[in-house]
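Trainee: Chain by chain, the residues run as shown.
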Amino acid sequence: MAKRSAPEVNAGSMADIAFLLLIFFLVTTTIEKDSGLNRKLPPIEEDVEPPIIKQRNIFTVLLNGKDQLLVEEDLMEIKDLRAAAIEFLDNNGDETCTYCKGAKDTSSSDNPDKAIISLKNDRETSYATYISVQNELVAAYNVLRNRRALEVGPPQGFNDMNFVEMQRNYKDARFVGNKTKLKEVINQIKVEFPQKLSEVQ
Amino acid sequence: MSKFKKKSDGGTPAISTASLPDIVFMLLFFFMVATVMRENSLKIKNSLPVANQVEKLDKKNPVSYIYMGKPSAGYEKFGTESRIQLNDQFAELSEVGAFIGAERAALREELIPFLTVALKVDKDANMGIVGDVKQELRKVNALKINYTTGVGDALNNIK
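Listed in order, the protein sequences are those of chains A and B.
Just add 102 to wherever you are in the first sequence, counting from 1, and you've got my numbering.
Position 70 of the second sequence, counting from 1, maps to 59 under my numbering, and the rest follow consecutively.
If you're looking for bench data, these hints aren't it; they were derived computationally from the structure.
Since this is a predicted model, take the numbers as computed values, not measurements.
Certain hints may be false.
[What the hints assert, rightly or not] In silico contact screen, one side only, chain A against chain B (beta carbon under 10 Å); selected entries:
(1) Ser107
(2) Ala120
(3) Ser137
(4) Val173
(5) Glu174
(6) Lys181
(7) Ala185
(8) Ile188
(9) Tyr232
(10) Leu239
(11) Tyr243
(12) Gln269
From the three backbone atoms N, C-alpha and C, an ideal C-beta is built for every residue, glycine too.
Please build the complete structure, drawing on both the sequences and the hints.
Mentor: Written as structure tokens, this is what we have:
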């Protein structure tokens, strides 16, 4: 019997397979974007008298060289820090803050505008712990701002949108809605709960 | 003559190379997908801590990167203490100011106030070096900083 040559495989569909793969990866790929905690450093000012701040308006958070957390001179676990910070910021001691729901304790902060969180660290503090603490403090602000956003948003036409979502939507080019109005709402909340977090050297 | 012609009979048929471009394209796509664009090659250990209250680092504004961490394998001669890396080389603390100056010089003037300094710090580094760098940044008035982190539960940082 004569040797038969192997039949040629039809390669016409190869291009389709390649395109299918290309489209799959095009759709599923996300270009990694860096993310992190944004902070602003205080400028160096010489010969400026430090403003007098009442002790009750300062929430001292100290991280020592052994990564122990001291809040208002008491030892605390990092997981409890968020609640403690919220309680401090939301306290409303002088009752001028109409949107606060705090305990109105006169020995704690006057109102969110005056409340300052002071974060101190040692040279030996590990960076991972420091970031965890920063994260919890930012979270405390975000919790309060989210709560406020759900109150302020609906009358302006932004239903079921918390502060973090508002900020994300504001940056999102695909967001359909009134961006100038959204910016106003964001700014209002930022003024009502200003992030006063000082990092002490 | 016929003696020679016969030889070509019954030989293996040529393999079709029509699919070769497709294979090449597939490889191309694979590498396109798998490639991570990296600005600098790191000489330090740089595993970032995680946090969940993160904001995206806006690439519309200029970003400069400062890396900190222990020298990685192969660079042990630089010691075991955390070091600063600027661009592609190890740097001293005093060079941070000059680095920011150089970064600013490369920018259009109207963008200079928006320069963000992203601190990519290894989670095992200690705050001493970070504090020093922050102080240097304050001296050159580069006040917008970003602690670059991964995304995850911050309580996992501590073990």
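Trainee: Hint by hint, note whether the structure agrees.
Mentor: Evaluated hints:
1. Here the hint on serine 107 (chain A) is kept, as its CB sits about 4 Å from the closest CB of chain B, short of 10 Å.
2. For alanine 120 (chain A), the interface hint holds, the least distance from its beta-carbon to any beta-carbon of chain B being 5 Å, beneath 10 Å.
3. For serine 137 (chain A), the suggested interface contact is upheld, since its CB lies about 4 Å from the closest CB of chain B, less than 10 Å.
4. A hinted interface residue such as valine 173 (chain A) counts as satisfied when its beta carbon comes closer than 10 Å to some beta carbon of chain B; here the least separation is about 16 Å, so the hint is violated.
5. A hinted interface residue such as glutamate 174 (chain A) counts as satisfied when its beta carbon comes closer than 10 Å to some beta carbon of chain B; here the least separation is about 21 Å, so the hint is violated.
6. Among the interface hints, the one on lysine 181 (chain A) holds; its C-beta lies about 6 Å from the nearest C-beta in chain B, closer than the 10 Å criterion.
7. Evaluation of the alanine 185 (chain A) hint against chain B yields a violated restraint, the C-beta minimum of about 13 Å exceeding 10 Å.
8. With its C-beta approaching chain B no nearer than about 13 Å, isoleucine 188 (chain A) sits outside the 10 Å limit, and its interface hint is violated.
9. With 10 Å as the threshold, the beta carbon of tyrosine 232 (chain A) comes within range of chain B, its nearest partner Cβ sitting at about 5 Å, so the hint holds.
10. Of the supplied interface hints, the one on leucine 239 (chain A) holds, with its beta-carbon coming within about 9 Å of a beta-carbon of chain B, less than 10 Å.
11. Taking 10 Å as the C-beta contact cut-off toward chain B, the hint placing tyrosine 243 (chain A) at the interface holds, the least distance being around 9 Å.
12. With 10 Å as the threshold, the beta carbon of glutamine 269 (chain A) comes within range of chain B, its nearest partner Cβ sitting at about 8 Å, so the hint holds.
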